[in-house]
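Residue numbers (the working numbering), protein chains in the order written: chain A, -12 to 375; chain B, 98 to 384; chain C, 4 to 303; chain D, 147 to 507; chain E, 147 to 507.
Simulated from the structure, these hints should not be mistaken for laboratory data. Take the hints with a grain of salt, since some may be wrong.
[What the hints assert, rightly or not] Selected chain A positions facing chain B (in silico; Cβ < 8 Å):
| # | residue |
| --- | --- |
| 1 | 33 |
| 2 | 307 |
| 3 | 343 |
| 4 | 351 |
| 5 | 355 |
| 6 | 370 |
In this text, all values refer to a predicted model and were calculated from it rather than measured experimentally. C-beta: ideal position from N, C-alpha, C; glycine also.
Letter by letter, the chains look like this.
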Amino acid sequence: TELEVSHWWTSGGEAAAVTELAKAFDASGDKWKDSAIAAGGGGAAAIIISRILGGDPMGATQLNHGRDAEELIKAGLLQDLTDVAEKENWREIIRPSSLLDSCTFEGRIYCAPVNIHSPQWLWLSHKAFKDAGIPVPKNWSEFIAAAPALDKAGKLPLAVGQQAWQSNLTFNAITIAISGLEPWKKVYVDKNAEVAGGEEFKKVFEAADQARKISAKGKMQDWNAATAMVIKGDAGGQIMGDWAQGEFQLAGQVAGEDYTCLPGLGVTEMISTGGDAFYFPVLKDAEQTAAQKRLAALIIQKDTQVAFNLKKGSLPIRGDVDLETANDCMKKGIKILAGNNVLPDLSQVISADTMSDLEDLMVEFWNDPSMTTEEAQERFVKVIARAD
Amino acid sequence: MKNLNAKIASIPMIFTALVIFVGCTAWTIYHSFTNSRLLPNNNWVGFDQYERLWDTKRWIVSVGNLAIYGVCSLVISVIIGFVLAALLDRKIRFEGVFRSIFLFPFALSFIVTGLVWQWILNPEFGVQKVLQSLGWENVTFDPLYNPDLVIYGILIAGIWQGSGLIMCVMLAGLRGIDGDIWKATRVDGIKTWKTYIFVIIPMMKPVFVTALVLIASGIIKVYDLVLAQTSGGPGIASEVPAKYVYDKMFNAQNLGQGFAASTMMLVSVAIVLIPWAYLQFGGKKND
Amino acid sequence: MTDETNLVDGPRGPKPKRAFTRRNIFVYGTLLLFAVYYLLPLWVMVVTSLKGMPEIRMGNIFSPPVEVTFQPWVKAWSEACTGINCDGLSRGFWNSIKILIPSTIVSILIASINGYALSKWRFKGSETFFAILVLGAFIPYQIMIYPIVILLREAGLYGSLWGLVLVHTIFGMPIMTLLFRNYFTGIPDELFKAARVDGAGFWGIFIKIMLPMSLPIIVVAMILQITGIWNDFLFGVIYTKPDLYPMTVQLNNIVNSVQGVKEYNVNMAATLLTGLVPLVIYFISGKLFVRGIAAGAVKG
Amino acid sequence: MQSSISIRDLKLSFGSFDVLKNLNLEIGKGEFLVLLGSSGCGKSTLLNCIAGLLDVTDGQIFINGKNVTWEEPSDRGIGMVFQSYALYPQMTVKGNLAFGLKNAKVPKAEIEKRIARTAEVLQIESLLTRKPAALSGGQRQRVAIGRALVRHVDVFLFDEPLSNLDAKLRADLRVEIKRLHHQLKNTMIYVTHDQVEAMTLADRIAIMKGGVVMQLDSPSIIYNRPANKYVADFIGSPAMNFYQGTLDKDNNFRGDGLSLSVTGYPFEEGRVAQNQQVWLGIRPEHIRSADAAQQCAVQMGAIVELVEPMGSDTQIWSVVDKQNYRFRVDGQTEMTEGDSIRIGFDPENLSLFDRDSELRL
Amino acid sequence: MQSSISIRDLKLSFGSFDVLKNLNLEIGKGEFLVLLGSSGCGKSTLLNCIAGLLDVTDGQIFINGKNVTWEEPSDRGIGMVFQSYALYPQMTVKGNLAFGLKNAKVPKAEIEKRIARTAEVLQIESLLTRKPAALSGGQRQRVAIGRALVRHVDVFLFDEPLSNLDAKLRADLRVEIKRLHHQLKNTMIYVTHDQVEAMTLADRIAIMKGGVVMQLDSPSIIYNRPANKYVADFIGSPAMNFYQGTLDKDNNFRGDGLSLSVTGYPFEEGRVAQNQQVWLGIRPEHIRSADAAQQCAVQMGAIVELVEPMGSDTQIWSVVDKQNYRFRVDGQTEMTEGDSIRIGFDPENLSLFDRDSELRL
Ligand SMILES: Nc1ncnc2c1ncn2[C@@H]1O[C@H](COP(=O)(O)OP(=O)(O)OP(=O)(O)O)[C@@H](O)[C@H]1O
Ligand SMILES: Nc1ncnc2c1ncn2[C@@H]1O[C@H](COP(=O)(O)OP(=O)(O)OP(=O)(O)O)[C@@H](O)[C@H]1O
Ligand SMILES: [Mg+2]
Ligand SMILES: [Mg+2]
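So here's chain A without its partners, still in its complex pose:
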């Protein structure tokens, strides 16, 4: 049975990973019909949601793993996968279990997670530090301390792309590193505005202010343009998710030799577990519905997970797979995961609306030096107070 699958994985590595899924699906006698839209999460959402609302949906679709789909589920537009999950024993095998929680609505399961991504990593260029004549830092504060030397050597200390989500990601990584876990949870999970306006976050904003000062000279848009600077040694470091290491790999660099990765910015060895998931809109055709369930089951299977995640450079959603070929950084990640030092992903705890507010705030803060930390924090408090 032919199933149309929508996603926004259009870059080289991503496409290769999707090909693995498609191959596996085709092998089982079904037909994967690829429908890729390079419009980023937002643009794609408009398209995907229109399709679902229009009554002529695709067979399966990538959707932001989180609360995105809640309303669609409530409107009865998404397929209930509980029977598949029970049959395949997802509760047991999916690790960390929070992944499945975000697929669950009122006790029923509506999506199949495919991978785990964690955004709180600091990537450092060995060449840049060698050129500046200083050792490679081991954590965030050492990195800050090294910034002037880098600057003097004509390097950009911290590379941050100008897109809003990158500013927000950077800020969030700094928050976890500076404030620690509790305040982070109070603000983002409990939406506690008092904490958001408190001392701890004041420090966070001051740290972010330092970070923005040392990144001010950067002029790139895309995250991989920033990564490219780190790879070339033109920039000291970048805060980016684990997907960045795909770029290092592609450039033939070796972790530990050419670059260093510091999960949790080397301060708190905690990572959050975002990732992608597939949703299955309700279809009228019974045969297609069966095919949807087959695909859902297939995604979770071990072989698929290995094949997919190796190409994608992300972590598998089950703890029982062995990625021998995984590199240094990936292994660091798996270890943290195994130790269950995990946080929920931002998109799981706040709504898309709040996320977009935060991004708007952060991108402005990052790019407008005249915005004081006080002002930024004040607005931050407002956003948190409004968050739901």
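Chains B, C, D and E with the ligands: place on chain A using the hints.
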């Protein structure tokens, strides 16, 4: 019923006008008073969305940008369009070639336009680099990376894409001017530029109105261009209302907020347009 | 010659024309200056699309290619990937054509009927509908995306080619109707009256008299619609299915994909390839375009 | 005379502006009626109402005894010829002629026959395959007439058919239309601005003003016994000379520098009052000069102010006591500005109008 | 007569199409010259050359003795009035009048004075603050004339200034222009299609055809002694009657149904050959009918074919031996179609033209 056929034939138009334009607008305005998120709902929240809207820096910046972009692009497009048309109307050689050159960008989409100009204005390898390599070491020309100038960088591309059409409209208008008027001014000994300013331009009022309508209907929608060139950056320096609407509706999944923003856009359009429409269609019955 | 010799001297024949008068320098200088501004991006697109990536990284964007390569064009046309399909723009090309032709025809047809009814068969309220329609040109289309999804669903057209045709017709209607109305208003009423006396009805007059006379304005309408429809990305992707995705979807994927390095040459080639159809139409119909605009657009 | 078209109490308003006000008109079978009037008086509007191209506000229209007020234009048995020709530009002459017949589903053979016949009558056989753009103005207008002709209609409506043509052509076509009328004997209603056309073509002329028919009469009555001052002034070129004055019961006219007895003037009955304020009008061609003036009942000395030679004759503007006297003399007559001359006229050629009502006395 | 404008060997071509071919013209100071000719004969082109609005292909133009061939229009001391008025629509009447002067940096007070004077001459004082859109056609044309007047130019060029106006207005303005000319005594060149205008206004008329002046003479000579058949046919309405025939050395004309002796005809010298093929032309007003015909040297019986009453007089189309004789009778004359009448004319009023060269004999 003599006009029965005419009425039947007008059904698509009436349908579009009433159901799509009026209907959707009403629907939008209604839902801007709800807290609709991903899907429209009916939870009435009064003016909450508007309060939030006008409390949002990005929106304010967007409105400011649109104002700057709108005014500049109106003025500059009209000036460039008119000057070029006037030059082409001077019985020059290769008129067809020049006309095609000025008009061709209009065939390209904003996405393409944005991409090319993003590239030309990129300080790393665009105009700035070339100027610097030519010896002007200290030249900085990076409008897309300067929050104060970025909207003008977008303007350069917008003008490039759209002014050709305006040129065409102006040219058509100039061609419609009675040749005797030109003769009269020559006999009166009036300089060419004076003739344009004091005689020809005032005579072309309807042409200017058409041009303004064309430009204005494009301005309000400038979205693709910003997206392709700067994605609203640096920071939020080049955000525009249409992008705010789009992002809030689809990215933030906050339809209510998006609808409130688009209602504000509509209101501003209406403030500009309704007097014009009244004059055009309501005021004079015969035309 | 004559005896009044004093009259015979002096200038005779045409006033001598010098090529480099101040006026000519000003006129052609200004035109050339603007021509550079308009052509520069095209130049950049073309030369870049003919360069290899190494050369792009090295040189400046304005210099002509040292080594001309057509690889980027080949890649853009038939190799660039969209998801797991690596067949470049060629995948969507025929879809674009398939969308373009009916959309252009239907939207122009409907708009011309509207314009005709509005100019020659005014009925009570017709001007009001027209005013609403023109105001509709200023509505940001984002806000109509969802309602139209729902309308199309109810009409059973969602996801089909005809649904998209309908959408293009709706969004093209304001400006198109305006053009046709102005044009038809300019056609003498007497012609219309003569046809009525000759026993032609609403449709007879439209098809046999009005349409054959409206070539100039049809050219303008076609150019505007072809440009708009061909360059459309959003509607094509929102209101149809992957089987029907236009070429701009691939262009968008090629241009917007976050990959290791941006392949500028492929981007530019893809851009040029996508713009080719409207560009060709522009260059073919340049003169008619101005004439049509004169006939339909500038009579406020 | 059997009535071909009757118009009863016709009213037509555009919004609040009444163009036609309670207009009544009876047109006989085969009659050639000319509508004459200044611009904007409603001539075209009336024609359009008869043709059914405008919906009347009130009143009725009968053609050949049938109430056609609600009929479609094509069902009224009328043909219309427009000032701008209104030929279908993309069709050949033949196509233009055939269009109406095809619409009426006339058989092919019949169409061919009628076109051949019409082309012969109008001498446009050689033009049949051309398009209107390739025709001269006169040829176009002939085709436009043919288009009405070919449909075998009872009533022809002409809306200033000749005013786009130059003088020579106009004169030729005018004669042709007259011949055509003699030949076909159709009812024709003809709108024009041109007095010469009106005078030469019409069986009857209707002079309109402000949506009302001022006078409906034969050309000679209109010319010689205009019903009111407006008509008198409107018809005739150069225009009638007018002089203010009073008329006493002994039929003596007394005005500035002009006193005369109008005994013998054929008064319309009941129109004479005591010391009535009147206009006295004399047509220029009734003023005689030089020797001829000697035989006139009224004579005076005048100064020539302006001489306008027109070839066959000459117009003279002369002054008597600050009053202008315009008249015509033969083209051969020698007269120069400043000459003192004698002029005179006979009272029987006068027209008298009441000063208030402007009606003929 | 001192020459105000001389045109020497003027040639003008549009591409390969020669519009004016070696045209020579001398116009005296204060002369009123009318250019008359059919459409497309190059009248406007000639005017534009004189004004400097077209660059000549060859030849010279002198105004007041100065070679202005290469001058700018504004430096030639000319004013031009256009058919379409060409008023600046967004300026008031006053603005229109002042615009040229302001540009020439004439002092404010002087401008005011000149405008006041011009407005007075043209009687447009009350219109000064209006815009052209709020004026009637006649008023607009007056303003257009004023715009030339106010610049105190020596030469006025009029390009069909009255042809957009209706007949009555045209007649009035015609008289006004004539008065103006008497008053100002400027040189005026006036293009028109209208013979009446040409005859009444002109000191001399130049009849043009195909870029060449066919005849340049006073109106009466043009009318009475046309230089060739084209001029004879062009001038006069209704047009001259022409008959083919041969002329023997005894001055006997012999044509279809018409034989007469033309002894006493004032031949231009050296033009008579043996048995020359000629055209004989008679103006309609020289044909007499009824009693008057009895006194004519040539008489014949005719059948009335068409009667065109025009009010003051009536045109008759009659036939003798299949030849048409058009003539005019008084408006009072009773004549109906089919009547047998006697007509006649005197040979001294004839025109004779060579059949090949079409030149006057
Ligand atoms: N569609 C219309 N709407 C409003 N007023 C109109 C319309 N058509 C004509 N009129 C007015 O009606 C009056 C009569 O118009 P009509 O065309 O009948 O005049 P006319 O006698 O034919 O004049 P002309 O000699 O200039 O053709 C005019 O004052 C005109 O302004
Ligand atoms: N710009 C031009 N290019 C080519 N041919 C032209 C141009 N202007 C005029 N002509 C031609 O020159 C000839 C003379 O034109 P002109 O306007 O002088 O005629 P005219 O005597 O004024 O006619 P009308 O009485 O119609 O105004 C015409 O045959 C016309 O087609
Ligand atoms: Mg009319
Ligand atoms: Mg002319």
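Hints versus structure:
Taking 8 Å as the C-beta cut-off, the interface hint given for residue 33(A) holds, the closest approach to chain B being about 4 Å. Look at residue 307(A): its Cβ only gets to about 35 Å from chain B, farther than 8 Å, so that hint breaks. Hint status for residue 343(A) relative to chain B: holds, with the closest Cβ pair at about 3 Å, below 8 Å. Hint status for residue 351(A) relative to chain B: holds, with the closest Cβ pair at about 5 Å, below 8 Å.
With its C-beta approaching chain B no nearer than about 5 Å, residue 355(A) sits inside the 8 Å limit, and its interface hint holds. The restraint placing residue 370(A) at the interface with chain B is violated, with a minimum CB-CB distance near 10 Å, outside the 8 Å limit.
Figure legend: structure checked against the earlier numbered hints; hints not met, in rising order: 2 and 6.
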